[in-house]
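Trainee: One-letter residues, chain by chain:
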Amino acid sequence: MISPLEARYYRRRMPLLWWAHRRSYAIFLVRELSSAFVALFVVELLLLVRAVARGPAAYDSFLDALARPAVIAVNLVALAFVLLHAVTFANLTPRAMVVRLRGRRVPSRLILAGVYLGWLAVTAFLAWLVLS
Amino acid sequence: MEQITLRVARYRPDDEETEPALVDYDVPLRPDWAVLDGLNYIKDELDGTLSYRWSCRMGICGSCGMMVDGEPKLSCATFLSDLAPGPVRIEPLANFPVIRDLVVDLTDFMHKLGSVKPWLIREVEKPVEDGEYLQTPAQLDEFKQFSMCINCMLCYAACPVYGLDGSFVGPAAIALAHRYDLDSRDEGDRERLTILAQPDGVWDCTFVGECSTACPKGVDPAGAIQQAKLAAAQEAVKNLLLPWRSR
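Just so you know, the sequences run in chain order A and B.
Counting from 1, one number per residue, gives the positions in the first sequence under the working numbering.
Counting from 133, one number per residue, gives the positions in the second sequence under the working numbering.
Don't read these hints as lab results, they were simulated from the structure.
Virtual Cβ for every residue (Gly too), placed ideally from N, Cα, C.
Treat the hints with care, since some could be wrong.
Label-pair ranges, simulated between beta-carbon atoms [as the list claims (entries may be wrong)]: (1) E319(B) with S132(A): 23 to 31 Å; (2) V260(B) with S35(A): 24 to 32 Å; (3) R104(A) with T150(B): 36 to 44 Å; (4) W128(A) with Q330(B): 24 to 32 Å; (5) S61(A) with A368(B): 42 to 50 Å; (6) S35(A) with T326(B): 27 to 35 Å; (7) V260(B) with V87(A): 48 to 56 Å; (8) G246(B) with L120(A): 44 to 52 Å; (9) D201(B) with A80(A): 54 to 62 Å.
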C-alpha cells in the first residue's frame, strides 16, 4: 500500500543506455564484457583437452583449426580482454583483502606486489612447462 | 557582479505537474559560493517556492546531496567557481523517488540501514556500572574510516546496481555494517554476515566502485562490500567443512 503522498512521487527509471552516460560506467561495462572472453578461453581449453583425449589426429586437426587467421584474430582480441580483466582484478585485490601479519596490517602495495609476483611465477612456470 | 545560471529541476505535484522541468535562475558567481549558496540565493531573492534540504553547510550533516551536472555531490562542498561558466544543472539525487523539487524520499535507505543492525551487538551485555568497553587506538583504526559515513546517500545515487534493482541493500548500509563487524567491542559479525549474505546483500554488488568515488568523506564502501563478500565466503566454507561448529 502506498500513501497518497507517495503516489505523487516522481519515480525515475534508469535509461537502457545508462552505462553510456558516464565514462566510469562504460569502463565498468567493458570489464564486465571481458568475462565473456575469459569464458571463451575456458571453452577453448576444454576443447583442447577433449582433442588430446581423442588422440593425435584430433589434436592435430584442433591445432589446424586454431591456426586459422580468423581464429587467431579472435584469440588476440580475447587475449586483450582477458589481460584487462586480469589486471583490473589484480588491482582491486588490496581493497577486497585485508591481510595481517603479526597483528599488523600489510600495506596495499605489498599485497598488490604479491599478486603480481604470484602471477609472474605462475606464468614463468607455464612458460618453462611449454617451452622446455 | 558576474552571474552564473543554475538550471534547477522543479517538480511541483501540488501544481498538477507530472514530471520535473528545468528552470533557469541567474545567481551571483562569487568565488566563495558553493552550489548551496546559489540555491539559498534563489530561495531568498528569486523564488521562495524552491524546495531542497540542507543544514550544516560544512559537509557534516549529509543533507544537501544532489546531482550537480549529473554527478552526485554535496551542494555545500561544490563551488560555483569550479562549474563556471555554467549553466549548472541541478537535479535531485538519482535513484530515489522525488517528493518535490530537489527533495527525495530516503525511507528505503532508513529501512535498509536498520536491517543490517548497525550498532554494538554483545553476546552478554556488561552491566553499566562495570564501565565502558575499552578499545586501543589500533583497534579504533581498524574501522574508523567506515565510521566517517554521514548518510548523505551520494553512494546510492552513484550506484547503478541500486538504480536498476532497488532491493539491493546498497553501499552505505553495508559499509556501516562492516564498520561494526570490524569493531573490537562488537560480537555480532556472524549475525550481520548472515543478513549481508542473503539475496539483495553483498553479492548483488558488481564492484562498479562509483560509490567510493562519490563519497565526500573518503569512506570506501566498495572496499567494505568486497571485504564482506570475502568474509561471507570464508564463513560459508567453514560451515561446509565444519558443519558441527556452533552457529
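Trainee: Kindly confirm whether 36 to 44 Å is satisfied by the beta carbon distance between R104(A) and T150(B).
Mentor: With Cβ atoms ~59 Å apart, the hint is violated.
Trainee: That 24 to 32 Å hint for W128(A) and Q330(B) (C-beta), does it hold up?
Mentor: With Cβ atoms ~45 Å apart, the hint is violated.
Trainee: Could you check the hint for me, namely that E319(B) and S132(A) are 23 to 31 Å apart, CB to CB?
Mentor: Once the Cβ atoms are compared, 54 Å apart, the range 23 to 31 Å for S132(A) and E319(B) is violated.
Trainee: Taking 42 to 50 Å as the stated bounds, is the beta-carbon spacing between S61(A) and A368(B) within them?
Mentor: Because 43 Å falls inside the window, the suggested range holds.
Trainee: Within 27 to 35 Å or not, the Cβ separation of S35(A) and T326(B)?
Mentor: Since S35(A) and T326(B) have Cβ atoms about 28 Å apart, the given range 27 to 35 Å holds.
Trainee: Could one say that the CB atoms of G246(B) and L120(A) fall in the range 44 to 52 Å?
Mentor: Taking Cβ atoms as reference, G246(B) and L120(A) lie about 47 Å apart, which means the hint holds.
Trainee: Are V260(B) and S35(A) spaced within 24 to 32 Å by their CB atoms?
Mentor: Distance hint for V260(B), S35(A) is violated at roughly 53 Å.
Trainee: Falls inside 48 to 56 Å, the C-beta gap from V260(B) to V87(A)?
Mentor: holds (53 Å)
Trainee: Per the hint of 54 to 62 Å, is the separation of the Cβ atoms of D201(B) and A80(A) within bounds?
Mentor: violated (33 Å)
Going through the hint list in order, the structure does not satisfy hints 1, 2, 3, 4 and 9.
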